[in-house]
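When you get a sec, could you build the whole thing from the sequences and use the hints?
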Amino acid sequence: ALHEVGHAIVAHRLGHKVTALSIISRGISGGHTKSVIPGAIHTLKEIRDTATVMLAGRAADIALGDGANSGAQADLEAATQLLLAAHECQGLNDTLLYMPAVSPRPRPGAVRSVGKELTELLDRAIAMISAERDLATTLALKADRTMLDGNASATAPGGIITTSGINTVIATTEGADGD
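Counting the sequence shown from 1 gives a position; our numbering is that position plus 82.
Honestly, the hints are just simulated from the structure, not real lab data.
Backbone N, C-alpha and C define an ideal beta-carbon position, used for all residues, glycine too.
Mixed in with the good hints, there may be bad ones.
[Unchecked claim] The calculated label-pair distances, taken between Cβ atoms and stated as ranges, are:
| id | residue 1 | residue 2 | range |
| --- | --- | --- | --- |
| 1 | L178 | R215 | 15 to 23 Å |
| 2 | P120 | K198 | 40 to 48 Å |
| 3 | A253 | S185 | 45 to 53 Å |
| 4 | S212 | L178 | 36 to 44 Å |
[Stated by the list, open to error] With a cut-off of at most 20 Å between alpha-carbon atoms, the simulated PhoX-like pairs for lysine-lysine come out as follows:
| id | residue 1 | residue 2 |
| --- | --- | --- |
| 5 | K116 | K99 |
| 6 | K127 | K198 |
| 7 | K127 | K99 |
The structure is reproduced here in structure tokens:
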């Protein structure tokens with residue numbers, strides 16, 4: 083539950099609307115968090131924010147769980163592809179050259195730069211999750227209860243916590259902290 087809660091908290095804090103959170107396993111996925119990214123055309127800052135959300139599950143595993151694990155593979159792949167596209171295809175970093183027209187392989191410098199950026203964004207997500215420890219714990223407990231009973235308040239069929247349920251937990255936790 084902590085992995086998915088990490089995605090939800092960081093998405094919410096970065097202004098993405100979180101629409102659902104589930105810890106019900108499907109295939110190789112141990113759960114999912116759905117969020118809506120504001121806007122259709124994104125700046126490099128917004129792309130980095132989105133990559134931070136993608137890395138937030140691993141950040142929660144590191145900050146609150148048993149450490150990094152293989153469960154974040156799809157998230158790492160998506161964040162890497164997103165940042166490489168910004169560097170190599172969208173002209174949002176050090177070159178305007180559309181690299182796929184030149185070579186099917188990314189430039190070694192872009193690979194190094196994206197690797198460094200992924201580490202920085204993971205550190206950013208870890209800091210955000212660490213600052214939200216109480217909220218993460220409360221939301222993870224709600225996700226666990228929702229999965230067990232499948233019909234808790236503010237959940238959709240199948241044990242998914244909806245926007246309403248997530249917002250209620252956030253508001254309740256922030257109110258308890260005096261925010």
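To see whether the hints hold, each was checked on the structure:
1. The hinted window of 15 to 23 Å between L178 and R215 is violated, with their beta carbons roughly 43 Å apart.
2. Checked against the hint of 40 to 48 Å, the C-beta distance between P120 and K198 comes to roughly 26 Å, which is inconsistent with it.
3. One distance hint, 45 to 53 Å for the beta-carbon pair A253 and S185, holds here, with the actual separation near 50 Å.
4. Between S212 and L178 the CB atoms are about 38 Å apart, so this pair conforms to the stated range of 36 to 44 Å.
5. For the proposed pair K116 and K99, the alpha carbon gap of about 9 Å is at most 20 Å, so the pair holds.
6. Under the criterion of a C-alpha separation no larger than 20 Å, the hint pairing K127 with K198 is consistent with the structure, at around 16 Å.
7. Restraint check for K127 and K99: the C-alpha separation of about 17 Å stays at or below 20 Å, so the hint holds.
This entry does not satisfy hints 1, 2, going by the numbered hints stated previously.
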